[in-house]
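**Student:** The chain contents come next:
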Amino acid sequence: MKIGVFLKQVPDTETKIRPAGDGSGIESGDVKWIVSPYDEFAVEAGLQLKEKSGGEVVVVSLGPARTLDAARTALAMGADRAVILDDEGFQGSDPLGTSRALAAVARKEGFDIIFCGRQAIDEDNNQVPQIVAGLLDWPHASWVNSFESEGEMATVKRPIGGGKLEVVKVRLPAVFSCTKGLNEPRYASLPGIMKAKSKPVARYTPADLELDGQVGASAAVVQLTSYQMPQARPSGRMLEGEVGDQVKELVRLLRQEAKVL
Amino acid sequence: MSLNFNLGEEHVLIQDAMAKCLEPFRGRQEELKQSILVERKFPQDLWDAICATGLMGAVIPEKYGGNGMGLLSCAIGIEALAERGFGNALLVLTAMDAACILRNGTEEMKQKYLPKMASGEMKFCFGHTEPDAGSNAFRTRTFAKKDGDDYLISGQKTFITGADVADRMLLTCRTTSREACAEQGLPKAFGLALFIVDPKAPGIELRPIPTRGIEGMTQFLVHMDNVRVPASDLVGEPDMGAMALFNSLNPERILAAASACGLSKHCLDIAVKYANERAVFKERPIGAYQAISHPLAQVRIELDSVRLLTHRAAWAFDQDMNPGTVGNYSNMAKYQASELAVKAVDRAIQTLGGYGFSEEYGVIYYYEAARLLRTAPISSEMILNFVAEHDLGLPRSY
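Chains G and B are the protein sequences, given in the same order.
Just so you know, we're using the numbering used here here: the first sequence kicks off at 1 and counts up by one.
Just so you know, we're using the numbering used here here: the second sequence kicks off at 1001 and counts up by one.
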């Protein structure tokens, strides 16, 4: 079974994000880059499936040159190969462009199944898994927190609110976006880190994937025009006095200041 | 362009592996603290979880079950563990003994021990110090007498850390006595030998010494009376063990320095957290006062200087640079790291005020651990002697 895992390199969740001076993105100087946490669930899902059913796990990542570090992390966890789309022509892709590139890799590699994170935690678009499935004309299940497969059928569970789970049977090949609870991602052990150094990494250009003009900033239908910090929230106000007086004051404030009543 | 102060991506992954292997223990912090700091027992499941990362295989090539990432990787891992309050002397000693076996042992010996050391299945301690020999290894009296295909070892070792939980001990012995060397006009470095000995072998008696300062461990007086050891457990040649011994002390110092860096960072983290939360006058946290913040900033600056010294020493060892250079770098790192550790704990205690002495915060326990590092595995003064003599070219003082 050829298992594809899509992952994205994102700023560490503890990084303090600051917009760049020219508003074109974020200050990347001091950022520690990590594999998007939901994508780690996808890597683990891929590795577990390989352990059960055999085959190979191929991680695919689109981004600048540093994205190789994120792929190496997955290789150190146990993935077999990586495909890096760090060509200049891919940079600035919107979710549609990214999905076109990833879907083209999936076709070229002949993946039988694809796992990805439910969303990358940088821009939180939550679009790529669904668009890729659409482009490939495969079924997909999003926000999967339980996965079992038997032959060509996978049975997955996904949270649907109210503490309830939806059980979905999906025919493979299919795309699954993974969420918390699916598994406990393994860490990269020292032997794994060592082995990752010699695992193959392939690179494709847009031309290799016959995607000239369909990916990158020039093809983006969604354009990010500026970045700015959200306005600082005003601090809360504590009401004092007897409870009855506090209630009266609260109602007055909601009516006159907040104007919500 | 060859100088690069960034850690490699693989080193960042090692730090990550250490953090993640400890995650399952997050709910057991109090129990672990009680066990390690108060009862002086390092839980076996914690040891197993650490070794499952492959950390102990760093100094061991793949051929012998390790991963060959090198001493720098091992040092970074040990620092990351100590940074979270999980320093362990047997990690240091097992890695040091593995490096010694790798460089000096027979093929048979490497096959026999290294894979089990790499996996963490076998812990090693180091039997070196004697009641009358330590800093001066030439005064070693423990004697290994040839008896057919075996050796019979008798003597006494003291302050042997973790001898009760170690599966083997790398033991410094004499195969020719000091007196015989003197009579025959042989150099004083002649006559030393290293053996691998099972601390539970017949003829060995372990007596705990009530010492403080080594977290999760007890130190022992090891009494040996005609302990039978096969010649195949002799590391290197008889009488020729001095170089192997001295070269093995370098990784011990480097890893001790890495532990000290981690310990310093651990105490700094505790102090900074407290200083950010604790308010005494008005609503401002005490960290706003420069009397609190400046000493912590100094510790932070010195921490980076010590890390760089430590990484340089480990790098030099991995590059197989000449032992004199590695020794000089190791000594410098270990000196500065132990001085910093004492300062870091001291400043943490001062920041925490009365809580600096509370068992709940635990900082006071680390004072002993940090202070011990100024004395062992080599004292600060002996390092200054070494640097003065070998680096500066000043006359020998002793």
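Do not rely on the hints blindly, as some may be mistaken.
Said to hold, decoys possible - Lysine to aspartate or glutamate pairs mimicking EDC-like chemistry, simulated, CA-CA at most 16 Å apart:
(1) K32(G) / E1009(B)
(2) K1112(B) / E1062(B)
(3) K32(G) / D1016(B)
(4) K1063(B) / E1108(B)
(5) K197(G) / E1062(B)
(6) K1343(B) / D1269(B)
(7) K1020(B) / E56(G)
(8) K108(G) / D208(G)
(9) K1343(B) / D1318(B)
(10) K1200(B) / D1164(B)
(11) K2(G) / D80(G)
(12) K195(G) / E1368(B)
(13) K16(G) / E27(G)
(14) K197(G) / E1108(B)
(15) K50(G) / E152(G)
(16) K52(G) / E123(G)
(17) K50(G) / E148(G)
(18) K2(G) / E56(G)
(19) K1343(B) / E1359(B)
(20) K32(G) / E56(G)
(21) K195(G) / D1269(B)
As the list claims (entries may be wrong) - One-sided and incomplete, this derived list gives chain G residues near chain B with beta-carbon spacing under 7 Å:
(22) D69
(23) Y187
(24) I193
What the hints assert, rightly or not - Label pairs and their in silico Cβ distance ranges:
(25) D1304(B) / N126(G): 37 to 43 Å
(26) E1277(B) / R252(G): 55 to 61 Å
(27) Y227(G) / N1276(B): 47 to 53 Å
(28) V221(G) / E1360(B): 46 to 52 Å
(29) V221(G) / M1321(B): 54 to 60 Å
(30) N125(G) / N1322(B): 27 to 33 Å
(31) D12(G) / S1305(B): 47 to 53 Å
(32) N1322(B) / A20(G): 31 to 37 Å
(33) N126(G) / D1048(B): 38 to 44 Å
(34) G1353(B) / D12(G): 29 to 35 Å
(35) K1200(B) / V201(G): 48 to 54 Å
(36) G92(G) / E1277(B): 26 to 32 Å
(37) A207(G) / R1084(B): 47 to 53 Å
(38) K16(G) / L1308(B): 21 to 27 Å
Hints are computed from structural coordinates only; laboratory data are not their basis.
Remember, predicted model here, so these are calculated numbers, not experimental data.
Cβ atoms here follow ideal geometry from the backbone N, Cα and C, with glycine treated the same way.
**Student:** A separate judgement is required for each hint: does it hold in the structure or not?
**Tutor:** Here is how each hint holds up against the structure:
no.	hint	verdict
1	K32(G) / E1009(B)	holds (11 Å)
2	K1112(B) / E1062(B)	holds (14 Å)
3	K32(G) / D1016(B)	holds (13 Å)
4	K1063(B) / E1108(B)	holds (13 Å)
5	K197(G) / E1062(B)	holds (14 Å)
6	K1343(B) / D1269(B)	holds (14 Å)
7	K1020(B) / E56(G)	violated (25 Å)
8	K108(G) / D208(G)	holds (10 Å)
9	K1343(B) / D1318(B)	violated (30 Å)
10	K1200(B) / D1164(B)	holds (8 Å)
11	K2(G) / D80(G)	holds (10 Å)
12	K195(G) / E1368(B)	violated (40 Å)
13	K16(G) / E27(G)	holds (10 Å)
14	K197(G) / E1108(B)	violated (30 Å)
15	K50(G) / E152(G)	holds (15 Å)
16	K52(G) / E123(G)	violated (33 Å)
17	K50(G) / E148(G)	holds (12 Å)
18	K2(G) / E56(G)	holds (5 Å)
19	K1343(B) / E1359(B)	violated (19 Å)
20	K32(G) / E56(G)	violated (29 Å)
21	K195(G) / D1269(B)	violated (34 Å)
22	D69	holds (5 Å)
23	Y187	holds (4 Å)
24	I193	holds (5 Å)
25	D1304(B) / N126(G): 37 to 43 Å	holds (40 Å)
26	E1277(B) / R252(G): 55 to 61 Å	violated (36 Å)
27	Y227(G) / N1276(B): 47 to 53 Å	violated (29 Å)
28	V221(G) / E1360(B): 46 to 52 Å	violated (58 Å)
29	V221(G) / M1321(B): 54 to 60 Å	holds (57 Å)
30	N125(G) / N1322(B): 27 to 33 Å	violated (56 Å)
31	D12(G) / S1305(B): 47 to 53 Å	violated (25 Å)
32	N1322(B) / A20(G): 31 to 37 Å	violated (48 Å)
33	N126(G) / D1048(B): 38 to 44 Å	holds (39 Å)
34	G1353(B) / D12(G): 29 to 35 Å	holds (33 Å)
35	K1200(B) / V201(G): 48 to 54 Å	holds (49 Å)
36	G92(G) / E1277(B): 26 to 32 Å	violated (43 Å)
37	A207(G) / R1084(B): 47 to 53 Å	holds (48 Å)
38	K16(G) / L1308(B): 21 to 27 Å	holds (26 Å)
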